[in-house]
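First to last, the sequence lines map onto chains H and F.
Under the numbering used here, the first residue of the first sequence is numbered 1, with each subsequent residue one higher.
Under the numbering used here, the first residue of the second sequence is numbered 1001, with each subsequent residue one higher.
Everything labelled a hint here was simulated from the structure, so no lab data went into it.
One should not assume that every hint holds.
[To be verified] Covered stretches of chain F, as calculated for chain H (at least 3 residues, CB under 8 Å):
| hint | stretch |
| --- | --- |
| 1 | 1036-1046 |
| 2 | 1129-1143 |
[Unchecked claim] Cβ pair distances, simulated, as ranges:
| hint | chain 1 | residue 1 | chain 2 | residue 2 | range |
| --- | --- | --- | --- | --- | --- |
| 3 | H | 352 | F | 1057 | 41 to 47 Å |
| 4 | F | 1054 | H | 294 | 52 to 58 Å |
| 5 | H | 385 | F | 1124 | 56 to 62 Å |
In this text the structure is predicted, and so the values were computed from the model without any measurement.
Think of the CB as a built atom: it goes at the ideal place given N, C-alpha and C, for glycine as much as any other residue.
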Amino acid sequence: MKTFTYAWRYLWARPMGALLNVLLLTLGLSSITFLLLVSHHMERAFDRDLAGIDVVVGAKGSPMQLILAGVLHLDVPPGNVNFAAVKALEKNPLVAQVIPISLGDNYQSYRIVGTTHAYVAHYQAPLAQGRLWDAPMQVVLGATVARKLGMAVGQSFAGSHGLGGTGHKHGDHDYQVVGILGATGSVLDRLILTDSASVWRVHEPAHMDLGEAKTDHETDHDHHDDHNDHDADKALPDDKREVTMALVRYTTPMAAVSFPRWVNTTTDMQAAAPALEVTRLLHMLGLGTDVLRAFAGMLLLTAGLSVFIALWSAVRERRGDLALLRMLGAPASRIAALLLTEALWLALLSSLCALVLGQLFVLGLGAMLGLESALLAAGMLWPSTLLLVPALAVLVSLGAALLPAWDAYRSDVLQLLQSRG
Amino acid sequence: MLQTHDLRYAYPGAGALSFPDVALAQGEVLLLSGPSGSGKSTWLALVAALVAPCAGSVRVAGQEIAALRGRAADAWRARNIGFLPQKLHLSAALTVRDNLALAHWAAGMPENPARITQVLAALGVQSLAGRLPSQLSGGQAQRVALARAVLMAPPLILADEPTASLDDAAAADAVGLLLQAAKAQKASLVIATHDARVAQTLAALGVSAPVLLPLQASAAQTDEVPA
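So here's chain H without its partners, still in its complex pose (with noise of 0.2 Å):
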């Protein structure tokens, strides 16, 4: 146990070199940290927002663009369908589920998302204060935009036109918060969820008074001749209302062979497989990350260099004192672990530093970005994979101390003798 704490102050008897050598380690190893924690937060993030759909149904146009925008909510969306062609692939025996997804309209930023109950089931969100909505222009908050917004139920707003935060508002239709959903970590607690219907309504030049709840687009529809439409005085029929893209479960594994094929072919709308698109996804910025983590690699081999000639200038400069641990009695192999050990100082504090450097990366980015519980979760992550950070300093740092060690090791005491001073 002594060796730690002499090979600790021989360390700090040079206290400049030393802290060179652990910044340049820390400054390798937290780019290594970033990186591992930045792909383990998106892998996750995909793994929660993708699990359980298996195809998305939307308007042709960038596969990967529909994906973003409809499961991540990340992008805008090509374009818009028709909800009756939406409602027909129901009727297909591969499909097992359809959750139609209407986008349009955001509040402060935070994407208004008309949809049906089976969104929310979908990703088993649990409600935190409230009830689902039963009629348009009800919604019901993400816990992200709950807590960011501080709204509660029983609040009014009024949507903004468009995705990000710039639209004209829609001063005329308020929606009414009824429900706040508890946090699930996944992309729900950032959306704002409300009836399909709602976003119709806004949007469509008719303007429908459903004063009366209606719970399901059947009864919207049946009701449609009741409403007052400005420009053609008609409510619009099934195949004129239009939903965004449509999320779809299969019955069986095997429709991922035929069903997108089928889509693509038979109807005006496309099929995204999620899983594939994000393989995609991850492949391009694979690219970027390659060349980030070569970078990263250049930067612990210079910190590898800089441990090397500084154990080296430490074992020169130290020779005689080394020769006389050995006179005192030391054998050659402590005087090496008292090296060793001196490099494993700098691997400890290092990958301390690195981590917490790297998890703060994580944490600014997110803030800076405003991914939060979007592509990054909002907490801290410690994936096992950060295990890897400790093992290469000490990989780094131990290569380093190898040569000046094995130096020490054979340290001549007769020389010393003879050199007397």
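Place chain F on chain H using the hints.
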């Protein structure tokens, strides 16, 4: 205490050195004399079991050490040899007390604070225990190094040029201190030096010290011995 017989050592690629026999009783002093390059260092290394002779025997306190190797030699050296180098090699990163504790660590022993206090007190440097070597005067540093040499109560103390770079008064002090420390430990003392003042001081103190001159005994190859 110390007997050598027909001791020889061969440097790789050079001729052999042979040393005259030595018999030193407990508490006696031996002066190892001769200019540098005369084999003093080699003789010290042989007696400290740092290198193995190619022939002959070295007995310290009744034990044959010429055959000791590796860890056995290290362990033996830790307990039987006190070493005072010319350059003191006090670790700059450690306090005086920790420099002594480092000797315990080197010997593979648990730290013995009472013993450290005891040897520091015996040499009058107890009050310096918390200082760093850089905060010591030359004389103080030498006392600390001597305290480190006698820490393990070795039966044999080897001093390598203890008076080099000291003025006359300090040199006399250093020799006196060495004798005192050796006497307190009842240890035998070998002083390797080419400084004539050491012999004078010993004579003045009435200490009879046989003089060993390795140069006289070594063969003509001494020129090839690395200095």
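> Taking a Cβ-Cβ distance under 8 Å as contact, does the stretch 1036-1046 of chain F have three or more residues in contact with chain H?
Replying inline: Check passed, 5 qualifying residues.
> Honestly, do residue 352 of chain H and residue 1057 of chain F meet the 41 to 47 Å range at C-beta?
Replying inline: Once the Cβ atoms are compared, 55 Å apart, the range 41 to 47 Å for residue 1057 of chain F and residue 352 of chain H is violated.
>> Looking only at beta-carbon atoms, does the pair residue 385 of chain H, residue 1124 of chain F fall within the given range of 56 to 62 Å?
In response: At roughly 60 Å between Cβ atoms, residue 1124 of chain F and residue 385 of chain H fall inside 56 to 62 Å, so the hint holds.
> Between residue 1054 of chain F and residue 294 of chain H, is the Cβ distance one that fits in 52 to 58 Å?
Replying inline: 56 Å, holds
> Within the assertion that chain H covers the stretch 1129-1143 of chain F, do at least three residues meet a Cβ-to-Cβ distance smaller than 8 Å?
Replying inline: Per the Cβ count (0), the hint is violated.
Figure legend: structure checked against the earlier numbered hints; hints not met, in rising order: 2 and 3.
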